[in-house]
Structure formats: structure tokens, C-alpha cells
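S.K.: Here is what each chain is made of, one letter per residue.
2 protein chains.
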Amino acid sequence: MHDISKRILQGEVRGAARAITCIENDYPERTQILQEIFPHTGKAKLIGITGTPGAGKSSLVDVLIGFLRAQGMTVGVAAVDPTSPFTGGALLGDRVRMQKHALDSGVFIRSMGTRGSLGGLSRKTKDAVRVMDAYGCDVVLIETVGVGQSELDVMNIADTTIVVLTPGGGDSVQAFKAGIMEIADLFVINKADLPGVSKLETEVEQMLDLVKHDAAWRPPIVKTISTQGSGFEQLWEQVLKHHTYLRASSQWDIRRAQHLQEEVLDIVGYQVQRLIHDQLRSGEYGEQLMSVANREKDPYSVAEEIVRRWFGSRPNSR
Amino acid sequence: MHDISKRILQGEVRGAARAITCIENDYPERTQILQEIFPHTGKAKLIGITGTPGAGKSSLVDVLIGFLRAQGMTVGVAAVDPTSPFTGGALLGDRVRMQKHALDSGVFIRSMGTRGSLGGLSRKTKDAVRVMDAYGCDVVLIETVGVGQSELDVMNIADTTIVVLTPGGGDSVQAFKAGIMEIADLFVINKADLPGVSKLETEVEQMLDLVKHDAAWRPPIVKTISTQGSGFEQLWEQVLKHHTYLRASSQWDIRRAQHLQEEVLDIVGYQVQRLIHDQLRSGEYGEQLMSVANREKDPYSVAEEIVRRWFGSRPNSR
Numbered sequence: 001m002h003d004i005s006k007r008i009l010q011g012e013v014r015g016a017a018r019a020i021t022c023i024e025n026d027y028p029e030r031t032q033i034l035q036e037i038f039p040h041t042g043k044a045k046l047i048g049i050t051g052t053p054g055a056g057k058s059s060l061v062d063v064l065i066g067f068l069r070a071q072g073m074t075v076g077v078a079a080v081d082p083t084s085p086f087t088g089g090a091l092l093g094d095r096v097r098m099q100k101h102a103l104d105s106g107v108f109i110r111s112m113g114t115r116g117s118l119g120g121l122s123r124k125t126k127d128a129v130r131v132m133d134a135y136g137c138d139v140v141l142i143e144t145v146g147v148g149q150s151e152l153d154v155m156n157i158a159d160t161t162i163v164v165l166t167p168g169g170g171d172s173v174q175a176f177k178a179g180i181m182e183i184a185d186l187f188v189i190n191k192a193d194l195p196g197v198s199k200l201e202t203e204v205e206q207m208l209d210l211v212k213h214d215a216a217w218r219p220p221i222v223k224t225i226s227t228q229g230s231g232f233e234q235l236w237e238q239v240l241k242h243h244t245y246l247r248a249s250s251q252w253d254i255r256r257a258q259h260l261q262e263e264v265l266d267i268v269g270y271q272v273q274r275l276i277h278d279q280l281r282s283g284e285y286g287e288q289l290m291s292v293a294n295r296e297k298d299p300y301s302v303a304e305e306i307v308r309r310w311f312g313s314r315p316n317s318r
Numbered sequence: 001m002h003d004i005s006k007r008i009l010q011g012e013v014r015g016a017a018r019a020i021t022c023i024e025n026d027y028p029e030r031t032q033i034l035q036e037i038f039p040h041t042g043k044a045k046l047i048g049i050t051g052t053p054g055a056g057k058s059s060l061v062d063v064l065i066g067f068l069r070a071q072g073m074t075v076g077v078a079a080v081d082p083t084s085p086f087t088g089g090a091l092l093g094d095r096v097r098m099q100k101h102a103l104d105s106g107v108f109i110r111s112m113g114t115r116g117s118l119g120g121l122s123r124k125t126k127d128a129v130r131v132m133d134a135y136g137c138d139v140v141l142i143e144t145v146g147v148g149q150s151e152l153d154v155m156n157i158a159d160t161t162i163v164v165l166t167p168g169g170g171d172s173v174q175a176f177k178a179g180i181m182e183i184a185d186l187f188v189i190n191k192a193d194l195p196g197v198s199k200l201e202t203e204v205e206q207m208l209d210l211v212k213h214d215a216a217w218r219p220p221i222v223k224t225i226s227t228q229g230s231g232f233e234q235l236w237e238q239v240l241k242h243h244t245y246l247r248a249s250s251q252w253d254i255r256r257a258q259h260l261q262e263e264v265l266d267i268v269g270y271q272v273q274r275l276i277h278d279q280l281r282s283g284e285y286g287e288q289l290m291s292v293a294n295r296e297k298d299p300y301s302v303a304e305e306i307v308r309r310w311f312g313s314r315p316n317s318r
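These protein sequence lines are chains P and L, in that order. Everything in the first sequence is counted per the working numbering, starting at 1 for the first residue and increasing by one. Everything in the second sequence is counted per the working numbering, starting at 1 for the first residue and increasing by one.
No lab work stands behind these hints, which were simulated from the structure alone. Backbone N, C-alpha and C define an ideal beta-carbon position, used for all residues, glycine too. A portion of the hints provided could be inaccurate.
Quick list of the computed label-pair ranges, beta carbon to beta carbon [claimed, not checked]:
#1 S250/L x D278/P: 28 to 38 angstroms
#2 L210/P x D278/L: 32 to 42 angstroms
#3 N25/P x R281/L: 27 to 37 angstroms
With a cut-off of at most 20 angstroms between alpha-carbon atoms, the simulated SDA-like pairs for lysine to any residue come out as follows [claimed, not checked]:
#4 K297/L x T31/P
#5 K45/P x L240/P
#6 K43/P x R295/L
#7 K297/P x R256/L
#8 K297/P x R295/L
#9 K297/L x D253/P
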């Protein structure tokens with residue numbers, strides 16, 4: 001067993017941190033580590049928290065961490081942070097946040113950004129969540145900053161997905177637009193001391209009448225005020241209710257099995273993409289790429305040539 | 001030559017619409033069409049318009065269409081719309097918008113959503129833009145609703161990228177967070193009749209002092225009020241200035257050549273991913289997938305097995 005795997009399973013925080021660094025940077029040992037810790041995962045409650053920018057997700061997560069810690073639970077946070085193509089790192093706000101909890105060994109926060117050009121943010125975040133699970137976090141919060149497709153994709157691994165809205169500002173309309181309403185197991189109206197709460201509540205209820213959801217679970221709406229710490233008991237109560245519902249309806253096992261199978265496709269896709277990238281960049285296809293840059297050939301024909309050369313006739317023969 | 005290609009090149013709107021439907025649904029003829037129209041592309045000005053949700057991009061685009069039409073230009077719009085996994089279609093707002101311009105044959109609007117589970121939204125949008133270019137649009141506006149990574153990725157093909165901000169509401173901070181500041185060639189402060197304009201302007205200028213950009217082109221800031229139609233002359237003037245700058249500095253050819261090469265990688269990646277998906281779903285790997293669902297095997301080992309079986313030892317030997 002890899003030394004880092006051992007350290008994760010012994011609950012050593014620096015082992016877990018090191019593993020996530022390996023995942024973020026695609027170090028070769030990441031696969032061995034993930035394979036070794038896998039049998040020790042599946043225990044943590046995985047909770048997704050999403051919403052449009054400005055909905056106050058970060059402060060909500062902050063208060064929720066405090067609430068869960070007060071109940072004696074250990075908490076992991078994987079914050080998905082689509083970073084700038086230039087700066088390529090986590091942002092100031094997150095660094096400040098990490099410092100706030102830096103002295104609490106029961107809290108493990110990691111901001112996942114898109115370092116490098118290869119994407120794979122959603123893939124890497126899922127792997128990081130697995131590390132936190134194996135490390136022994138009772139709850140892992142998966143927080144997404146954006147509302148894009150790759151950010152939503154991360155939510156596939158959550159047992160319960162919370163969509164955060166705020167009154168006013170056309171927030172709910174934007175949430176409908178981005179397609180995040182339908183993935184909600186639970187709604188939070190945050191900043192519930194602002195005007196427009198009941199209007200937003202009505203809008204969400206109307207939307208729920210239109211949108212498909214499990215017949216036996218209509219997503220409840222909880223109101224929170226992060227600045228005052230109010231509403232968090234009700235929020236957690238609803239999360240637990242949702243877990244009870246999932247377990248009772250056997251949805252729990254079905255969801256987790258589906259997620260694992262999707263992950264295989266996901267990992268295969270990611271690895272093959274990396275192989276492609278390495279090979280194309282290696283220079284072997286330099287001539288073809290140049291002919292495209294000169295507009296002598298079109299990108300579609302060159303791409304077809306390359307795919308055919310790799311797979312031969314095999315994939316098309318199926 | 002495919003009948004659809006002919007119709008696009010003859011400027012027949014229904015041919016162009018049909019081609020984009022083929023692209024969206026991955027119909028087999030899409031590749032032939034894209035290959036055939038490619039030599040007739042590269043003439044349109046490609047302008048990306050992005051910003052955080054709620055910045056008023058849709059109304060800005062609406063007014064910009066009117067402005068460009070008044071100058072006698074034909075306009076294509078590809079609106080990137082990460083749709084709901086359930087409803088899977090374009091949204092009400094866009095349908096309304098499309099109707100508004102439905103009678104003007106000089107405007108071609110298409111909302112690109114993620115139909116199906118395979119993603120590829122950015123890939124498909126780029127192909128749709130190429131169809132609009134071949135069809136004869138003088139300007140193609142590429143509008144992204146979200147702020148996620150896959151939405152930003154679309155901007156790679158734009159000659160000029162406009163980032164839309166609004167005063168108040170911490171909008172600029174969210175824009176920094178999402179990493180969209182650095183891709184801007186041009187900033188628009190929209191809703192410039194709201195309070196907080198000069199504060200936002202100062203923030204952007206300060207950010208520009210910190211952020212890397214071409215030494216010879218510091219992104220200008222233009223103020224618009226969509227509801228009053230004001231500022232659009234200045235906006236278009238700056239777009240033209242940017243084009244002149246690109247052409248004069250030979251950046252134009254470099255950018256376009258780079259984009260074409262990146263597109264090859266992109267198309268290869270997308271096609272290989274589809275092959276993988278088809279094969280995995282075909283049932284050949286059913287047993288392995290089941291063993292993961294049962295947690296008998298871990299997803300990393302099974303993914304490795306599958307990749308190895310496909311590529312043999314070839315990719316690893318490089």
C-alpha cells in the first residue's frame with residue numbers, strides 16, 4: 001500500500017492533503033491511492049450545495065460547518081472553483097476561509113480549480129471527495145461556485161443536493177435558466193431577512209408543480225439567514241429526512257450504484273482524453289495541424305484521420 | 001456535395017437551420033457538411049459576449065442586433081444555454097426573443113443546449129458558428145448564459161470577447177471569481193443608469209492593472225443602457241478598433257490559426273469520447289460495470305482495464 005493511502009486511512013490530515021495535490025496535478029501515484037482507499041469509502045454523507053453566483057453559498061457553507069462541528073461531526077468541503085486561465089489558482093476569498101478553519105482539525109477544506117488546460121475539474125473534485133470520505137469526514141460538502149454544465153456535473157455524486165436562492169434580483173429566473181432547479185433535493189432561501197422572500201417561495205413552489213421530481217419526495221424549502229446563523233437546524237433536519245427517505249426507498253443503493261458506474265465512464269473518458277492530448281502535442285501530428293492552421297485542410301477531416309489511425313477500423317465496425 | 005451544404009452556401013436559411021439541427025443531434029451527415037462548408041468560412045466577425053447571470057446580456061444582444069441590422073449587416077447569434085437535464089430544451093426567454101426577429105431574414109438566432117448526456121456543448125456551438133459564417137452572416141455573436149468552464153471554452157473561437165458587467169450587486173467580484181476578467185478584449189458596463197457605475201469602472205481599471213493583457217491593447221470600458229439603446233455606437237466603434245489592432249499586429253492570423261489547431265484536438269477528443277460512450281453502453285463491459293456497482297471492484301481499476309484493452313500498450317509506451 002502506498003504511504004499516502006496509509007496516512008489517509010490513519011486519519012492524517014497531511015496525507016489527505018497530499019493525495020488531493022496528486023489528484024489536482026495528475027501525478028501518476030493518484031490511481032494507486034484512489035484504488036487503495038476505495039474500499040474504505042462510502043461512509044460519508046455527500047451533500048452538494050449549488051446556486052447562482054451571489055446567492056451567498058460561501059457564507060452558508062461557513063455557518064453550516066460551524067453547525068455540524070457543534071454536533072461533533074467532522075466536515076470536508078470541496079469547493080469547485082473554475083479559476084482563471086491566467087492566475088490558475090484558488091481565490092482570495094477561499095484562502096481567507098481556509099485560514100478561519102485552519103486550526104480546527106475536524107474541518108478539511110479544499111478549493112478545486114482548473115489548473116492546466118485539460119479540464120477534468122469535475123473528475124478531480126469527485127476524487128477529492130473520495131479522499132475526504134476515506135480520511136474519515138462524516139459529512140462532505142461539495143460547493144460549486146458557477147452554474148455551468150461542468151459544475152453541475154459534480155453534483156452527480158451527491159446524496160442530497162441543496163440549491164441556494166436569494167430573494168430579489170431575478171435570482172430564481174436565472175436558476176431556472178441554468179437548469180439547476182431540477183437537480184434540487186432541497187431548496188434554501190438564504191438571506192431570508194431581505195424583502196421578497198414569500199414571492200420567491202411562491203415562484204419555487206409553482207416551479208415544483210411543473211418540474212419532474214420523485215413522487216415521494218417534494219423538495220422542501222428552508223429559510224436561512226447566514227449572518228444570524230438562523231434556520232440551520234431546520235436545514236439539517238431536512239437533509240436527514242432526505243437521507244431517511246433515500247434509504248427507505250432503496251433509492252440510496254440505486255443512486256450510489258449508478259454514480260459508481262457513471263464514474264467508470266467518466267474516468268475512462270478523462271484518461272483517454274489525456275492520452276490524446278499527450279500524443280497530439282508530441283509533434284507526431286505537427287504536419288496535419290499545420291495544414292489546418294494554413295487552411296489547406298479542414299479540422300474535421302484531420303480529426304477524422306487521426307481517430308481512424310488510432311482506433312483502426314475497430315470502433316466503426318461495431 | 002451534400003444538399004444541405006449547397007443550401008447553406010446559397011444562403012438558404014432553412015439549410016443553415018437544418019445543418020445546426022444535425023450538429024445538435026450528432027446526425028452522421030454533420031461531418032460531411034462541416035467539411036464541405038469549411039472553405040467558405042472565416043469571413044464573419046466572431047464576437048463573444050459573456051458575463052455573470054443577470055448582467056443583462058440578452059437585452060444587450062437584442063439591442064446590438066438592431067444596431068447592426070440598421071448598418072445593413074447580417075447577424076448570427078449562437079446563444080449557449082446549458083439546459084436542464086430534464087426539460088432538455090431552449091427556454092422561454094429565448095423562444096420569445098427568436099420570435100421577435102423571426103420575420104427578419106438578416107438575423108439568424110440559435111440557442112444551443114446540452115441535449116443528451118454527452119455534453120459537447122462547446123464543440124457543437126463552435127460548429128454552429130461555422131455554419132452561420134458559411135451561410136453569410138457578417139457578424140456572429142456568441143452569447144454565453146453561464147459562467148462555467150465549458151461556457152468560457154466557447155470563447156476560444158471569438159475574435160473579440162466582450163465581458164458584460166452591471167453596477168452594484170458584487171457583480172465584478174463574481175466575475176473575477178469565475179475567471180472571466182482575463183478573457184475580455186472589451187468591457188461593457190451595462191445598465192449604466194444604475195448607481196455605482198464609477199465605482200465599478202475603478203474596480204475594473206484596478207483589475208486591469210493587475211491582470212495580464214496584450215501590451216498594445218488595454219481593454220477599454222464602454223457604458224451602455226440597453227433599455228435606452230445608448231452607448232452602442234461607442235461599443236461597435238471599440239469592436240472595430242480591436243479588429244484593426246488584431247489585423248495590424250498579425251494577432252489576427254495567429255489567433256485564428258491557433259483556434260483551428262485547438263479545434264482539431266477538440267474534435268478528436270469529442271469523437272473519441274463518443275466512441276467510448278457507445279462501446280461502454282453496448283453491454284460488452286456490463287460485467288465489469290456491475291462489479292463496480294456491487295463495490296467488488298473499484299472504478300479506477302476497471303477504467304484502467306478498459307483503457308488498456310482498447311489501446312493495448314501503445315499509449316503508455318510513448
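S.K.: K43/P and R295/L: Cα distance at most 20 angstroms?
M.R.: Satisfied, since the Cα-Cα distance of roughly 13 angstroms is no more than 20 angstroms.
S.K.: Verify the proposed pairing of K45/P with L240/P, using a straight-line Cα cut of 20 angstroms.
M.R.: holds (10 angstroms)
S.K.: Return holds or violated for the Cβ distance of N25/P and R281/L against the range 27 to 37 angstroms.
M.R.: holds (31 angstroms)
S.K.: Tell me if the straight-line CA distance from K297/L to D253/P falls inside 20 angstroms.
M.R.: holds (16 angstroms)
S.K.: Please work out if K297/P and R256/L have their alpha carbons no farther apart than 20 angstroms.
M.R.: holds (14 angstroms)
S.K.: At the C-beta level, are S250/L and D278/P separated by a distance inside 28 to 38 angstroms?
M.R.: Since S250/L and D278/P have Cβ atoms about 30 angstroms apart, the given range 28 to 38 angstroms holds.
S.K.: Does the alpha-carbon distance linking K297/L and T31/P stay inside the 20 angstroms limit?
M.R.: With a Cα-Cα distance of about 14 angstroms, the restraint between K297/L and T31/P holds, given a limit of 20 angstroms.
S.K.: Is 32 to 42 angstroms right for how far apart the beta carbons of L210/P and D278/L are?
M.R.: holds (33 angstroms)
S.K.: K297/P and R295/L were given as a pair; does the straight-line alpha-carbon distance stay at or below 20 angstroms?
M.R.: Violated, because 48 angstroms separates the two Cα atoms, which is more than 20 angstroms.
The structure fails hint 8 only (numbered hints given earlier).
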